Amino acid sequence: MTAPSSRSRSRFLRDNGLTLLFAVMFLLTLGAQALSGVALYNQQAVSDGVDPVGLLQYVTSSDFAVDVAENWQSEYLQFLLYIVLTAWFVQRGSPESKSPEDIGLESDEDQRVGRSARPDSPRWARASGPRLWIYSNSLGAVMGALFLLSWLAQSVAGVSAFNEQQLRQLQAPVSWGEYLLSPEFWNRTLQNWQSELLAVASMTALSIYLRQRGSPESKPVGAAHAATSVEG
Amino acid sequence: MRGWRRPAVALAAVAVGTATLVTGCSSLRPDGAAAASVAQRFHQDVRRGDGRAACALLVESTAQELEQSGDGPCPRSVLAARLPDAQGVRGTDAYGRAAMVRMDHDVVFLAVVGNRWQVRAAGCEPDGQAPYQCLVKGG
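As they're listed, the protein sequences go chains A and B.
Start counting the first sequence at 1; every next residue gets the next number (the working numbering).
Start counting the second sequence at 1001; every next residue gets the next number (the working numbering).
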């Protein structure tokens, strides 16, 4: 016999497994990044004749913050672009795309809003005017806000980390505005953007012809290559 | 990819993002006033001819470089380095564990060693885009 609390716990783990698994992997990877990062920072510190730092000092440093934030901003930008652009651009044959005839914001009936809302539709989907507009764009807005927040964090932590390096090399620090125009800032930014855009383009194109059985990111294995907007 | 489009994940990301911003900002405020005070003390020691006290404020690699390239032991070499006479502090830039103190007739670079600021370079002048040219600095 299994106790009810144990059953409900295992049901919770099953129902939220995807989020929990990625959250745990995120924390483990972040920890590993901190360990490798402090080792790298201290290698540089020794060669600059500066004291090495401990793990706690490193994870509260701008060096760690900029390395984390520069990757976050590009991930949120990727999702922002994907969420917004897939309303207007399609890829025939991709399970990540909708059908070409659905291009655009679609009808209220298709979107189940306003009078076409169903009993189980979210409350704001049944509303009209500004509330409906806000809820209709809430996912993109939150992703956009997270992108801007992460990018801001990258720039703020980045100028501090850059200036610490400048001072170590007996060079003058730069202002935040100067940093925003610097090759350092844009190189950090663009090297992440290009990789995210490549990953999206690859996923969109490869999923036309390739399959992953059981994955909702793939079409069913037997689905036709031309079938669009079909998830396995 | 679609599994990630969940409000809960977005909310969690906001929380962690804010935490990163805060931790990033927390390290942006090292104690610049303490760095300026050490730079002033260093110049005071040099001005009153106390080379031993001035050398106690230098990072080890700078003291070693002085001994190797100067006129013998650090206390003698630091006084012989002909550092400009600087007293007042015009401004301080401090980031992480490094600082630059702009004085009335000198620029001093410092680093955190242990829990205190020490002088890495003094008697420094700008040199265009290149590093400052310093009379006293580490190897």
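Be a bit skeptical, because a hint or two may be false.
[Said to hold, decoys possible] Footprint (simulated), chain B over chain A, 3 or more residues, beta carbon under 8 Å:
#1 57 to 63
#2 97 to 106
#3 156 to 163
#4 169 to 183
[What the hints assert, rightly or not] Distance ranges between label pairs, derived from CB positions:
#5 R1082(B) with P52(A): 28 to 38 Å
#6 W176(A) with Q1129(B): 46 to 56 Å
#7 D1031(B) with G104(A): 50 to 60 Å
#8 D1031(B) with L190(A): 47 to 57 Å
#9 S138(A) with E1060(B): 37 to 47 Å
#10 R1082(B) with L148(A): 30 to 40 Å
#11 H1105(B) with L148(A): 39 to 49 Å
#12 R1116(B) with S202(A): 29 to 39 Å
Derived by calculation from the structure, the hints in this document are not laboratory data.
What you are looking at is a predicted structure, and each value in this text was computed from that prediction instead of being measured.
The C-beta atom is built at its ideal place from N, Cα and C for all residues, glycine as well.
These are the hints, each one checked on the structure:
With a cut-off of 8 Å between beta carbons, the segment 57 to 63 of chain A has 5 residues touching chain B; three or more are needed, and the interface restraint holds. Remark: the segment 97 to 106 of chain A is not confirmed as covered by chain B, as 0 of its residues place a Cβ nearer than 8 Å to a Cβ of that chain, below the required three. Against chain B, the segment 156 to 163 of chain A contributes 5 residues with a C-beta closer than 8 Å to a partner C-beta. That satisfies the three-residue criterion, and the hint holds. Here's how the segment 169 to 183 of chain A fares: 5 of its residues keep a CB closer than 8 Å to some CB of chain B, so the rule of at least three is met and the hint holds.
Taken as a hint, the range 28 to 38 Å holds for the pair R1082(B) and P52(A), whose Cβ atoms sit roughly 33 Å apart. The hint said 46 to 56 Å for the Cβ distance between W176(A) and Q1129(B), and at roughly 20 Å that hint is violated. A hinted range of 50 to 60 Å holds for the C-beta pair D1031(B) and G104(A), which are about 57 Å apart. Taking 47 to 57 Å as the suggested C-beta distance range, the pair D1031(B) and L190(A) does not conform, at roughly 35 Å.
The given range of 37 to 47 Å is broken by S138(A) and E1060(B), whose C-beta atoms sit roughly 57 Å from each other. For the pair R1082(B) and L148(A), the beta carbons lie near 52 Å from each other, so the given range of 30 to 40 Å is not met. Taking 39 to 49 Å as the suggested C-beta distance range, the pair H1105(B) and L148(A) conforms, at roughly 44 Å. A hinted range of 29 to 39 Å for the beta carbons of R1116(B) and S202(A) is inconsistent with their spacing of about 52 Å.
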